[in-house]
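A.B. asks: One-letter residues, chain by chain:
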Amino acid sequence: KNEVEQSPQNLTAQEGEFITINCSYSVGISALHWLQQHPGGGIVSLFMLSSGKKKHGRLIATINIQEKHSSLHITASHPRDSAVYICAVTNYGGSQGNLIFGKGTKLSVKP
Amino acid sequence: NAGVTQTPKFQVLKTGQSMTLQCAQDMNHEYMSWYRQDPGMGLRLIHYSVGAGITDQGEVPNGYNVSRSTTEDFPLRLLSAAPSQTSVYFCASSIGRGGHDEQFFGPGTRLTVL
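Each protein sequence line maps, in turn, to chains A and B.
Numbered per the numbering used here, the first sequence spans residues 442 to 552.
Numbered per the numbering used here, the second sequence spans residues 7 to 120.
What the hints contain is simulated information worked out from the structure, not anything from laboratory work.
Hints are supplied without guarantee of correctness; some may be wrong.
[As the list claims (entries may be wrong)] Cut-off 30 Å, straight-line C-alpha distance, at most; resulting in silico cross-link-like pairs (DSS-like, lysine-lysine): (1) A/Lys544 to A/Lys509; (2) B/Lys15 to A/Lys509; (3) A/Lys547 to A/Lys496; (4) A/Lys547 to A/Lys509; (5) A/Lys496 to A/Lys509; (6) B/Lys15 to A/Lys544; (7) A/Lys495 to A/Lys544; (8) B/Lys15 to A/Lys494; (9) A/Lys494 to A/Lys509.
[As the list claims (entries may be wrong)] Rough simulated footprint, nothing fancy, chain B against chain A, three-plus residues with beta-carbon under 8 Å: (10) 463 to 474; (11) 499 to 509; (12) 540 to 551.
[As the list claims (entries may be wrong)] Partial list, derived from the structure: chain B residues whose beta carbon lies under 10 Å from chain A: (13) Asp32; (14) Ser39; (15) Tyr41; (16) Tyr54; (17) Gly64; (18) Val94.
A virtual CB, placed ideally from N, CA and C, is assigned to each residue, including glycine.
I would like the entire structure built from these sequences, with the hints used as guidance.
C.D. replies: Here it is in structure tokens:
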């Protein structure tokens, strides 16, 4: 069983829709990261969080430590949001705090 | 700042050839790492470094070698390329230890081994 599971694997939405991507993990963590991988391949960090909620523009990330679950929400989605969204966790007590990655959620937003 | 740079962007090798993937960062980050990304799998850690002169193995280190002689540079060497090493390789860096800080990724190197 993967230590970091994302759902759904693929998601197609219409422009303007509210989108939720989920991440569940099975290890104790000290931080959780949401990353965005553009169609061209580049990866950028969106959020790093260890509790509560963070917001940046139309993106909101939440985490529930007790439930071992995080969500990434996109409000008023736009075609430029089309990308692969990757959840990664920092294993608490793991060697040097290395990251464990989910397989990603591929989002396609249609105009 | 250029951030994290990687060269080359694309490379085709024959089985048995060796090569070095270059990675450099200009943010004075202590932690640098190499990942490979394969279809249907999450990013997997190959090697990492917590500072100049210090390197360690990640999840999939076999067939790869690294060194860290300066804070800025972290090259990845393929000793004798195999088709199983066909992948997209990403270098990343962060200011501090591993996943406790924001991660900065290079643009990736797409490697094909024939």
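A.B. asks: Which hint numbers does the structure go against, in order from smallest to largest?
C.D. replies: 2, 8, 11, 13
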